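What follows is each chain in one-letter form.
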Amino acid sequence: MKRTSYRLAEIAARIGGRVLGDAGTAVNQVATLENAQAGQIAFLASEKYRAQLDSTQASAVILGENDADATSLPRIVSNNPYLYFARVSSFLNPPAPVVPGIDPAAVIGEGASIDRTAHIGPHVTIGKHARIGARSMVMAGCSIGEGVTIGEDALLYPRVVVYHDCILGNRLIAHSGVVVGADGFGMAMDEGCWLKIPQIGRVVIGDDVEIGANTTIDRGALDDTIIEDGVKLDNQIQVAHNVRIGAHTAIAGCVGIAGSTTIGQHCRIGGSAGILGHLQIADHVEISSFTLVGKSIKEAGSYTGIFPISENGEWRKIAVHLRNLDELAKKIKILQLDVEGLRRRQT
Amino acid sequence: MKRTSYRLAEIAARIGGRVLGDAGTAVNQVATLENAQAGQIAFLASEKYRAQLDSTQASAVILGENDADATSLPRIVSNNPYLYFARVSSFLNPPAPVVPGIDPAAVIGEGASIDRTAHIGPHVTIGKHARIGARSMVMAGCSIGEGVTIGEDALLYPRVVVYHDCILGNRLIAHSGVVVGADGFGMAMDEGCWLKIPQIGRVVIGDDVEIGANTTIDRGALDDTIIEDGVKLDNQIQVAHNVRIGAHTAIAGCVGIAGSTTIGQHCRIGGSAGILGHLQIADHVEISSFTLVGKSIKEAGSYTGIFPISENGEWRKIAVHLRNLDELAKKIKILQLDVEGLRRRQT
Amino acid sequence: MKRTSYRLAEIAARIGGRVLGDAGTAVNQVATLENAQAGQIAFLASEKYRAQLDSTQASAVILGENDADATSLPRIVSNNPYLYFARVSSFLNPPAPVVPGIDPAAVIGEGASIDRTAHIGPHVTIGKHARIGARSMVMAGCSIGEGVTIGEDALLYPRVVVYHDCILGNRLIAHSGVVVGADGFGMAMDEGCWLKIPQIGRVVIGDDVEIGANTTIDRGALDDTIIEDGVKLDNQIQVAHNVRIGAHTAIAGCVGIAGSTTIGQHCRIGGSAGILGHLQIADHVEISSFTLVGKSIKEAGSYTGIFPISENGEWRKIAVHLRNLDELAKKIKILQLDVEGLRRRQT
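Residue numbers (our numbering), protein chains in the order written: chain Z, 622 to 968; chain E, 622 to 968; chain V, 622 to 968.
For identical chains, the list gives no copy identity; a pair is met inside one copy or between any two copies.
The list that follows gives simulated cross-link-like pairs (lysine to any residue, SDA-like), each with its CA atoms no further than 25 Å apart:
| hint | residue 1 | residue 2 |
| --- | --- | --- |
| 1 | Lys749 | Asn649 |
| 2 | Lys919 | Ala871 |
| 3 | Lys749 | Pro819 |
| 4 | Lys749 | Gly722 |
| 5 | Lys952 | Val941 |
| 6 | Lys817 | Gly827 |
| 7 | Lys749 | Gly768 |
| 8 | Lys623 | Gln678 |
No lab work stands behind these hints, which were simulated from the structure alone.
Just so we're clear, the structure is a prediction, and the values are computed from it rather than from any experiment.
Bound-form chain Z, shown alone (with noise of 0.2 Å):
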């Protein structure tokens, strides 16, 4: 495939920035510093690598405006380096275009509506009354369930399933393997075995949202799980029945929501980490990785809960400890009363 190639002065000219050098250096991709070649323009956004910067085979390099003369390449000056890094990257990688049209094998149910500009790949299944917006792309082998509805310029990657009466909303991203609206982990106990409750909420998804590899997000018992717009769940991610997930926050691989818990909008949860269900999460919360949200979090901040890791031995002795904490602690009280006694019977 060939690459079309701009100038730096006809990249600012879009994106803004400041072009130092020759304005009218070509490039044609984005690259790191260590491995880009002629023609590509990298970036830095962290001291870490500046010293990468003197070996690069970048034609032309995005700096921070403390690093504009750290080189004497060709360069685009910016206040926020990785920012501009992401925006050149979109103008140069845009999406492929959407070829419209309707795989002959693929199996459309009675009343689905689907935009003309829309493409249905090879082994899709629509359900009934399913209805697909504009120059939305449902790849080979999704299933989308009656009476689903996706918004407009939505991406489904092969092998995502969305169950019935589910809405998508516009620019949705979903990789394969998503599941979306899969029944709730819903029952109650009945002598001693489990009676199934019927999961009739629905999953609803808002705009602009993308969806990892393998993420599933269960329909709601009786209301619906909701996620807003902007939010970006990783791979593998599972969020139960009747959670929403508020505007823009973001969640890292393999994480576990359970039901009913509500997060705020602009968090940054980090990977492996769990948050129990029937839980608030604020605006603006951080949530380290690897960590349980056991109970609900009122303020803006960030929160951790992780055992540190050592060498296996040393584990041993302090988990032998931590079992004892109880016993260390009254040793102190004890230690306390002692002291006090000595120091009683001294004066």
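Position chains E and V relative to chain Z; hints supplied.
Below, chains E and V without anything else, positioned relative to chain Z:
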């Protein structure tokens, strides 16, 4: 879809319970107290929601004996209102009828035996000599291996994969992305390289089991992996080879169970918990979310091992002390000796 | 299916080892000591199962040198009975022969190059210019993206997805639900909203790699994500963008590895462990299950960080003390000063 309405008297006649107020009140769906509309029946199963009883728009309510007079709305009184609600919901939301037949876009292997009341969806593959029982529904894109047996009234949502020779019981529900019978993680070290050990056992699943989206259950290495009757597995659970899960045990999302472990009956395992291999867990054991079970549990009871969450700075302090716990314990020992010494000299 | 039997003499001629007892004894399958039947060969690799040697119905047994005389059954003696068993099992359970050909219900993109000895199953899609090597088997419903290269003798179970341009080596085994090459979780914050960064790297996988069911490996952001030769990944593992996993490293189920981390060769990572991003893990490192690696590990060795499990009430006490550890440490310091003061006054 037009919903069928039932009078409270009809419901009580089928399910039991005592009607107070107008027994002719008709309802067609269950709902939460908060979001119920006219024509719906809500329930009060927790004191937490009691205030909603006054403002609910529900036409009727399910209540416990103690709350029998907590509202003047038409109501059904039961000694277990949550279970009662579950039964009403099951009654009002029966499963969709199975449409018998094999989709022309399915591929059926030689010698496969599919009951004529079963439903096989588009893009399904059924392996040679597989057997699908009466009224079972295998939805779009499932892949059923050679020699697999699926019982009666099973429901496999789109894109379930069952590897060869596995046996699945009656009334199974398997959600999308489930993989039953993939190879267990078995290998032997051979001069720095891993030699794969063929996994020749099967997965054998009892009756009335439900398996959540993207959950994986590996086949046995030599003997079988076994899931007993009535087990309920949530989403994204990993069950390794040769695990046995006892009847009516419920396991929440994202749990990992390592090889050859046996879990008893009527256990409850919280989300994101882990269970090491070759362990025995007794019946009626509860494991908290996010807890690692590192040794066998011989007695019924509730077990936990979670690092408590704190604000980041607080956590950092705790973590440092935790790493120094051995030193701390030594300091206490020295203090004890010192105090003993002081006391001896004082007397 | 009729199984082929082999005499112990034949097995030892192929695989090595010393036969004791009747070398004409024929076996056709491996089994555990406990469940072996006549015609099967069992093995003793752990003292734990020694008692089963007396009651086994196996026709022959594989034993270590020290146990050579522990039974009078026909037996093969080896200095590594577990590895020997693995070899016998591989010999008795060869992979099913690959049936060459492309299923008529597969959809093959323009310019794709499929070796004539390869097998492409029903409902598979192969993207433009993809290449499938000799004797490779792509089972039902897999989706292979544009420009993907798959080596020789690879086995992709049903419903594997490989995104465009990824490179997969020889003898790869990828289980159902695997997703290779989905976008990494890369974005820049732009005035409260997330701007997606195109993920233009690939996934490059070496030879002799196995990937468990529903495991996901993200493509690189700029450079590639790399899985070296002989790596074994269990089920439901998440490998983020630009991770590199060294040769012959084995990773158990449910592990999450964050972006740009490099894991050495010959490492072993326990189930449900987590590894933060941008770290370096040395060769020959072992990480325990359920442990978070939060910093680089520079030396070979075994590392752990697990909160020990306790009965609930016990845990609650420990957790409270843990939260008060700073206070406890302060009390000890005061005690030390007090004791010092007392001692000074005493002398």
